[in-house]
Amino acid sequence: MDNLIGGMPQYTRKTLEYLREKKSKIKYFPYIGKIVDHPCILQGSIEEIINDGKAEALGVNGINLLLYRYTGNQKMLLNKAVKELKAPLIVAGNVTTFNQIEELKKNNIWAFTIGGAIFEKKFAEKGNIQEQIMAVLSKIK
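First residue of the sequence shown? That's 28 in the working numbering, and the numbers climb one at a time after it.
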């Protein structure tokens, strides 16, 4: 395993300590903000979320931002995160459209995850899993 993404913000320090204690080379990208429910929803003010992103100072390798699961203004959150957070950003949760992928590309987001949208055939109508993935890959080239 190369990267550990997710992890509740309140466990960031403890997780980093554990990885260091084990001399692990795994890179850690915790969630930031107030995470509730399952699947996870991001709540709180943009300022609270960005302040949580200051976990960068603890030595995380990046931040896992539940941008499209944020209950507030997603565009404002994206702009603020890109401007103020220096660590690489992974956007996870509800990436379901090519418009979102374009938005992430334009903002130089380091990585994003796609899960259910592949199985729900959001990217290639009637396409199988491979065709869904190929459609996404063609957009990020």
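Hints should not be assumed to be uniformly reliable.
27 Å max Cα-Cα, derived DSSO-like pairs, lysine-lysine [stated by the list, open to error]:
#  : residue 1 : residue 2
1  : K110      : K132
2  : K52       : K102
3  : K102      : K81
4  : K133      : K102
5  : K132      : K107
6  : K148      : K41
7  : K113      : K148
8  : K149      : K133
9  : K132      : K153
10 : K52       : K41
11 : K102      : K41
12 : K166      : K149
13 : K107      : K61
14 : K50       : K113
15 : K110      : K54
16 : K49       : K107
17 : K54       : K41
18 : K102      : K50
19 : K153      : K168
20 : K107      : K166
21 : K133      : K107
22 : K81       : K61
23 : K113      : K54
24 : K110      : K49
25 : K102      : K49
26 : K107      : K148
27 : K113      : K149
28 : K50       : K110
29 : K81       : K54
30 : K54       : K168
31 : K110      : K133
32 : K148      : K168
No wet-lab data here; the hints were simulated from the structure.
Hint check results:
1. K110 with K132: holds (15 Å)
2. K52 with K102: violated (33 Å)
3. K102 with K81: holds (20 Å)
4. K133 with K102: Status holds; Cα separation ~13 Å.
5. K132 with K107: holds (16 Å)
6. K148 with K41: Not OK: K148 and K41 at ~38 Å, beyond 27 Å, violated.
7. K113 with K148: The given pair, whose Cα atoms are some 34 Å apart, is violated under the 27 Å limit.
8. K149 with K133: Roughly 21 Å between the alpha carbons, so the hint for K149 and K133 holds.
9. K132 with K153: holds (25 Å)
10. K52 with K41: Between K52 and K41 the Cα gap is close to 16 Å, so the pair holds against 27 Å.
11. K102 with K41: With Cα atoms ~31 Å apart, K102 and K41 exceed 27 Å; violated.
12. K166 with K149: holds (14 Å)
13. K107 with K61: Holds. K107 to K61 sits at ~17 Å (cutoff 27 Å).
14. K50 with K113: Roughly 24 Å separates the two Cα atoms, so the pair holds.
15. K110 with K54: holds (22 Å)
16. K49 with K107: It is violated: about 34 Å lies between the C-alpha atoms, which goes past 27 Å.
17. K54 with K41: With Cα atoms ~14 Å apart, K54 and K41 stay inside 27 Å; holds.
18. K102 with K50: The given pair, whose Cα atoms are some 38 Å apart, is violated under the 27 Å limit.
19. K153 with K168: holds (23 Å)
20. K107 with K166: holds (25 Å)
21. K133 with K107: Since the Cα atoms of K133 and K107 sit roughly 14 Å apart, the hinted pair holds (cutoff 27 Å).
22. K81 with K61: Satisfied, since the Cα-Cα distance of roughly 14 Å is no more than 27 Å.
23. K113 with K54: Holds: K113 and K54 sit about 16 Å apart, inside 27 Å.
24. K110 with K49: violated (33 Å)
25. K102 with K49: violated (38 Å)
26. K107 with K148: violated (31 Å)
27. K113 with K149: violated (31 Å)
28. K50 with K110: violated (32 Å)
29. K81 with K54: holds (17 Å)
30. K54 with K168: Cα-Cα ~24 Å, so holds.
31. K110 with K133: With a Cα-Cα distance of about 13 Å, the restraint between K110 and K133 holds, given a limit of 27 Å.
32. K148 with K168: holds (20 Å)
This entry does not satisfy hints 2, 6, 7, 11, 16, 18, 24, 25, 26, 27, 28, going by the numbered hints stated previously.
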